[in-house]
Amino acid sequence: MIRQFALTSAAAAFLAACTHYNNIEPKESASLPVKADVTIAEDGAGGYSFTYKAPFADEKGNFDFSQKGAAFNTIILTFTIADGSVSGIKFKPDATDAMWIVEKKNVDEATGSPRGPYRGNQFSDFTVSADGQSLTVMNQNNDGVLYRYGLRFDLDGKTVVDDPDTQNGGHN
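If you're matching positions, the sequence shown starts at 370 in this note's numbering and goes up one per residue.
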């Protein structure tokens with residue numbers, strides 16, 4: 370009888386443990402604010418050059434959010450037009466028109482750029498400041514996809530564009 374009780378107790382404990390095994394709720398990702406200063410200059414050939422200063426990015430604005438410290442965090446990315454940039458340049462006033470995003474494998478073959486405003490769930494909450502000097506976007510950063518983004522500016526009625534890349538962190 371003691372043996373039967375011990376076996377029954379052991380079986381019950383085992384089954385109870387099984388119902389909780391691998392039933393760990395995923396931790397909610399933290400929000401990580403990332404500030405990116407963008408300097409825009411005339412390149413002398415009738416175009417513009419762009420230089421970025423931001424964590425997780427190179428000078429060309431290619432971000433890698435799969436790096437330690439960024440991976441699996443929701444990124445709140447704010448681009449700010451840096452002092453010393455071309456006078457009068459501003460982000461497009463419609464925030465979804467100020468930043469176009471597409472998976473890099475789907476860029477326009479002729480231009481290498483995104484074809485239009487972003488459609489999806491990975492990026493959201495696009496906001497342009499009232500003065501047009503900053504653009505903020507939320508990146509869920511949990512799909513491991515390489516994106517091409519196009520920052521779009523207005524300068525005296527002309528659209529000015531830069532198209533760097535963003536590598537997102539892996540799957541949650």
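Some hints here could point you the wrong way.
Pairwise CB distance ranges (calculated) [unchecked claim]:
| # | residue 1 | residue 2 | range |
| --- | --- | --- | --- |
| 1 | Asp-512 | Glu-478 | 22 to 28 Å |
| 2 | Asp-494 | Asp-433 | 33 to 39 Å |
| 3 | Thr-480 | Glu-428 | 20 to 26 Å |
| 4 | Gly-453 | Ala-499 | 17 to 23 Å |
Straight-line C-alpha distance at most 27 Å; calculated BS3-like pairs for lysine-lysine [as the list claims (entries may be wrong)]:
| # | residue 1 | residue 2 |
| --- | --- | --- |
| 5 | Lys-404 | Lys-429 |
| 6 | Lys-473 | Lys-527 |
| 7 | Lys-459 | Lys-437 |
| 8 | Lys-473 | Lys-461 |
| 9 | Lys-437 | Lys-422 |
| 10 | Lys-437 | Lys-473 |
| 11 | Lys-422 | Lys-473 |
| 12 | Lys-459 | Lys-527 |
| 13 | Lys-527 | Lys-429 |
| 14 | Lys-422 | Lys-404 |
| 15 | Lys-527 | Lys-437 |
| 16 | Lys-474 | Lys-422 |
| 17 | Lys-429 | Lys-473 |
| 18 | Lys-474 | Lys-461 |
| 19 | Lys-422 | Lys-461 |
Because the hints were derived from the structure by calculation, they are not lab data. The structure presented is a predicted model; accordingly, all values stated were derived computationally and were not measured. We put the beta carbon where it would ideally sit given N, CA and C, even for glycine.
Taking each numbered hint in turn, which are not upheld by the structure, reported in ascending numerical order? 2, 7 and 15
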